[in-house]
Amino acid sequence: MKGRIHRRNISGCGLAGMMSEDGRLMSGEGIIRSMEVLHDRSNGLGGGFAGYGIYPDRQDHYALHIMYDDIKAKEMTDVLIDEWFEVDAEEVIPTRKVPGVGKAPLLWRYFVKPSADFNECGVCEEDYVIDAVMLVNSTVEGAFIFSSGKNMGAFKAVGFPEDVGKFYRLDEYEGYTWIGHGRFPTNTPGWWGGAHPFTILDWAIVHNGEISSYGINKRYLEMFGYKCTMLTDTEVVAYSFDLLLRRHNLPIELACKALAASFWTDIDRMKAQGKKVADVYEALRMVYGGGLLNGPFAIILGHANGMVGLSDRVKLRPLVAARKDDMLYIASEESAIREVASGLDKVWNPKAGEPVIGELRIPVSNTDAVRELEETVA
Amino acid sequence: MIIDAKGLHYRELNEQVRAAVAEGETDLTLLNVNGQRYIADAIDTPVSIIIEGVPGNDLGVFMNGPSLVVHANGQDHIANTMNDGKIIVHGDAGDVLGYGMRGGKVFVKGDVGYRVGIHMKEYKDKVPVMVIGGKARDFFGEYMAGGTLILLGLDTGGNGQDEIAGNYFGTGMHGGVIYVRGRLDDYQLGKEVKQLELDDEDRAVIRAYVTEFATDFGMDTEEILKGDFVKIKAVSHRPYGNLYAY
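Those sequence lines, one after another, are chains A and B.
For the first sequence, the numbering used here begins at 7 and goes up steadily by one.
For the second sequence, the numbering used here begins at 776 and goes up steadily by one.
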């Protein structure tokens, strides 16, 4: 173990994401193969995935994925979960033995709905779920809720990504969006909870780089009740998107402009040219100064309705995108995309700080309404 | 000689290439390449290697003589610290192309990414040359210390970029020369460089390299040369000479 940790390794994290904008379901086998091409970008100290559409039979339940250091942590967490939620089902997350994945914590998942009386707390359902996640992660020793969205799940471990994918049997799941990550930890420990993706509700982030504004972002997010407990910089990105996209209801383009803000010199020039949008960019910088992400990053955000790729403003980390039919692919390297897709319609290098956006043609939040409408028409 | 790279790790592939070159093989074709790094690294024999598929990062790193032809896009860090030889890419190339390049040629038909030509340098007859057919992103020629970069801005790439280059063009540049087929706005330029008109010597240099480039890609030299070129050079040879001298 010691030799492995200290071995010199020329790496940088690896990212990949794929989504069907038609909402077609694909097995997790593809994202594993894609990540395997990026093997040498990581060093075996973290791999992980998130899949969307994987729990269709329980799509109205929040799926809590939890890692426990020991059974005591589980017992303590169970008390809180019973207090906060109605539990529909509780089970061990299925895994298989894989040589590249070492001793695992206890891995459990719960399909839950907020307790019937949650309204009395005076918060909306999503905030209630976040409060519960933050409570467990910050107070129960040895317990980490690492996934808390509906009809989606994060799967992560210490190991190379392709081994982690096999360990969690992702080939047995089907999802319309998959994102993956291979980790090369630089500043923070390589532990199971520190592998990517980092998630809250259905927002899942995989990240290559380092958020040097972490301290400012952490304090900013704490003002809104987010607690940073994962010992690593990336989790602030997940909470930032929850704040901007869900709570403040910003369009994705503007949320990305808040996090990867325009330079003042560019704003000044746009103003001089009479471009009205400069006022918007200026307002974003003033309102969301504490949310601005500094330092090198390339990220892929997964969420119920789509997938977003974004790099920092001066492109200090790689990001490539491609399209074929209804598919959008984003990865650290083109080869990761070519491995799983031939005859691409378009391959391009996205501009620094400008998001690549994939969206479900029929958003998930509308599906119930659409279904009702269809039933009415029928 | 043909090597099928399908499913090979970069170490296995590069060992096979090295072994073939050591045995005197002069023409190699690598099939089904996908993401293998360091292809042709540090090979110092003038062999020819044709690459089918997308080669991984650091293609031709430390290379000293071979000719590589890529019939696809390239990834990042192509020609890193390359000393001699030639790399021809028929698609786009990624970021940090030609990092610290010290000799040889790189021709890219399509677009290129960020920080292309960073830290390129020259010494006496070792003058690296890079010709880009398409468009470039920010930090083109960053900290460039020597060599020649030619940016043609043709519509040959996949990035769909409007402008020929991004911002921070030639930031920190203190040697070498860049020719651009088009004109840049002043705000795009780094503080250390200026746009200048061409002289006859410049025109001769451009004609020679564009002719070779057009021949390699089956394009029309005269059509490319119809465009208006500008020259971009450093204003000072030692922009940071006084940085630590109070």
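Hints were generated in silico from the structure; no laboratory data involved.
Please note that a few of the clues may not be correct.
[Stated by the list, open to error] From chain B, some residues computed to sit far from chain A (all C-beta separations above 12 Å):
1) Q791
2) R793
3) A795
4) E798
5) T804
6) V808
7) D867
8) V871
9) H894
10) K896
11) D900
12) G921
13) R982
14) F992
15) M994
16) K1006
[Stated by the list, open to error] As a list, the in silico DSS-like pairs of lysine-lysine whose alpha-carbon atoms are at most 27 Å apart:
17) K901/B / K1008/B
18) K781/B / K330/A
19) K1006/B / K281/A
20) K966/B / K277/A
21) K969/B / K277/A
22) K966/B / K357/A
23) K969/B / K357/A
24) K966/B / K1008/B
25) K1006/B / K357/A
[Unchecked claim] Derived coverage of chain A by chain B (criterion: at least 3 residues anywhere in the stretch with Cβ under 8 Å from a Cβ of chain B; other residues may be distant):
26) 181–187
27) 316–329
28) 346–355
The C-beta atom is built at its ideal place from N, Cα and C for all residues, glycine as well.
Status of the hints after comparison with the structure:
no.	hint	in the structure
1	Q791	holds, 18 Å
2	R793	holds, 18 Å
3	A795	holds, 22 Å
4	E798	holds, 27 Å
5	T804	holds, 18 Å
6	V808	violated, 9 Å
7	D867	violated, 7 Å
8	V871	violated, 9 Å
9	H894	holds, 16 Å
10	K896	holds, 22 Å
11	D900	holds, 32 Å
12	G921	holds, 24 Å
13	R982	holds, 30 Å
14	F992	holds, 19 Å
15	M994	holds, 21 Å
16	K1006	holds, 25 Å
17	K901/B / K1008/B	holds, 19 Å
18	K781/B / K330/A	holds, 23 Å
19	K1006/B / K281/A	violated, 31 Å
20	K966/B / K277/A	holds, 22 Å
21	K969/B / K277/A	holds, 25 Å
22	K966/B / K357/A	holds, 23 Å
23	K969/B / K357/A	holds, 25 Å
24	K966/B / K1008/B	holds, 11 Å
25	K1006/B / K357/A	holds, 26 Å
26	181–187	violated (count 0)
27	316–329	holds (count 4)
28	346–355	holds (count 4)
Hint violations for this structure: numbers 6, 7, 8, 19, 26, all remaining hints satisfied.
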